[in-house]
Amino acid sequence: MAEVLDHPPVSVNGCEISAAAISAEVQNHPAPDADTAWEAATRALVFRQLLLDEADRLEIMSVGLVDAEGRKLADEDARIEALLEQEVRCPNADEATIQRFYERHADRFTSPTLVEAEHILFSASPDDGLAYGLATGDARMAIRALMTEPGRFSELALKHSACPSREQGGNLGQIGPGQTVKEFEDVLFDLGEGELHPEPVKTRFGVHVIRAGRRIVGEQIPLELVRDKIAQYLEEASWRRAVAQYLAILASQAKVEGIDIGGADGPLVQ
Numbered sequence: 000m001a002e003v004l005d006h007p008p009v010s011v012n013g014c015e016i017s018a019a020a021i022s023a024e025v026q027n028h029p030a031p032d033a034d035t036a037w038e039a040a041t042r043a044l045v046f047r048q049l050l051l052d053e054a055d056r057l058e059i060m061s062v063g064l065v066d067a068e069g070r071k072l073a074d075e076d077a078r079i080e081a082l083l084e085q086e087v088r089c090p091n092a093d094e095a096t097i098q099r100f101y102e103r104h105a106d107r108f109t110s111p112t113l114v115e116a117e118h119i120l121f122s123a124s125p126d127d128g129l130a131y132g133l134a135t136g137d138a139r140m141a142i143r144a145l146m147t148e149p150g151r152f153s154e155l156a157l158k159h160s161a162c163p164s165r166e167q168g169g170n171l172g173q174i175g176p177g178q179t180v181k182e183f184e185d186v187l188f189d190l191g192e193g194e195l196h197p198e199p200v201k202t203r204f205g206v207h208v209i210r211a212g213r214r215i216v217g218e219q220i221p222l223e224l225v226r227d228k229i230a231q232y233l234e235e236a237s238w239r240r241a242v243a244q245y246l247a248i249l250a251s252q253a254k255v256e257g258i259d260i261g262g263a264d265g266p267l268v269q
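Just so you know, numbering that gives the first Met the number 0 puts 261 at position 262 of the sequence shown, and the rest follows in order with no gaps.
Don't read these hints as lab results, they were simulated from the structure.
Values in this document were obtained by computation on a predicted structure and should not be read as measured data.
The C-beta atom is built at its ideal place from N, Cα and C for all residues, glycine as well.
Do not take every clue at face value.
Label pairs and their computed distance ranges (CB to CB) [stated by the list, open to error]:
(1) Q231 / P163: 37 to 43 Å
(2) I248 / P111: 28 to 34 Å
(3) S237 / E182: 40 to 46 Å
(4) L222 / P163: 36 to 42 Å
(5) L222 / A144: 48 to 54 Å
(6) Q244 / D185: 42 to 48 Å
Using the sequences plus the hints, can you model the full thing?
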């Protein structure tokens with residue numbers, strides 16, 4: 000990349016990190032522009048070199064470690080893993096910490112509210128004003144019919160709906176948050192059980208007639224079912240902080256030229 004050549008030489012304790020190495024590393028750091036990608040790649044290589052230098056100082060050698068998929072790590076990666084295992088310590092999450100996290104983030108541990116949905120889709124593109132207008136009119140007629148004869152929903156869905164759910168009388172089954180487009184979801188979750196929305200609902204798929212079915216309100220998931228996941232999350236977060244602090248110490252003791260790495264909150268060596 001030509002942009003990399005415009006940056007000053009980078010070195011760690013007198014060991015130069017070549018422009019070619021940075022250019023190769025850039026592909027691992029997607030960014031909105033070349034300068035940001037270059038900086039992220041350079042920081043990652045600087046931190047890597049700091050760790051390798053410390054592994055040299057402590058005479059830590061490769062120990063044949065493997066990754067999460069059981070593949071043997073390259074020599075330098077294995078030395079870095081061994082160094083971090085030896086030098087970075089973080090406590091296991093205790094029961095009180097797990098309990099506090101569970102209580103403070105109760106919304107994360109609540110099952111989603113589900114609503115059974117029925118709809119009739121009158122297909123039309125929003126870009127086609129005439130077709131979209133006609134679809135809206137057809138939807139209004141269906142709503143008027145259903146207001147007087149609610150039992151005709153399946154019949155009208157089979158006759159008019161452009162959705163495959165027409166074969167099930169327009170029944171989409173249980174819908175949870177984020178499973179459909181926002182316009183549809185906002186209306187569905189605001190309806191009571193068995194309630195028909197009195198107006199056509201417009202989305203990018205066309206115009207919908209929507210009726211809500213049975214509602215299953217989300218419930219708190221017991222701590223016992225999520226304790227292990229919370230502990231894993233807390234311990235991984237603690238480990239990341241500990242590694243960042245360790246890198247900050249190494250950086251403060253090293254001579255790094257060509258880039259201001261500041262703290263050690265940048266990309267870490269994997």
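Notebook entry, point to check: Holds or violated: 42 to 48 Å for the Cβ distance of Q244 and D185?
Noted result: Distance hint for Q244, D185 holds at roughly 44 Å.
Checklist line | I248 versus P111 beta-carbon gap, inside 28 to 34 Å or not | finding: Check failed, 43 Å falls outside 28 to 34 Å.
Item checked: 37 to 43 Å as the expected CB spacing between P163 and Q231, which holds or is violated -> holds, 40 Å
Notebook entry, point to check: Does the Cβ pair L222, P163 satisfy 36 to 42 Å?
Noted result: Roughly 40 Å apart at Cβ, these two residues keep to the hinted range, so it holds.
Next item on the list: Note whether the CB distance of L222 and A144 lies within 48 to 54 Å or breaks it.
Entry: Since L222 and A144 have Cβ atoms about 50 Å apart, the given range 48 to 54 Å holds.
Next item on the list: Evaluate the given range 40 to 46 Å for the C-beta pair formed by S237 and E182.
Entry: Given a distance of about 42 Å, which is inside 40 to 46 Å, the answer is holds.
Hint check: a violation occurs at hint 2 only; the rest are consistent with the structure.
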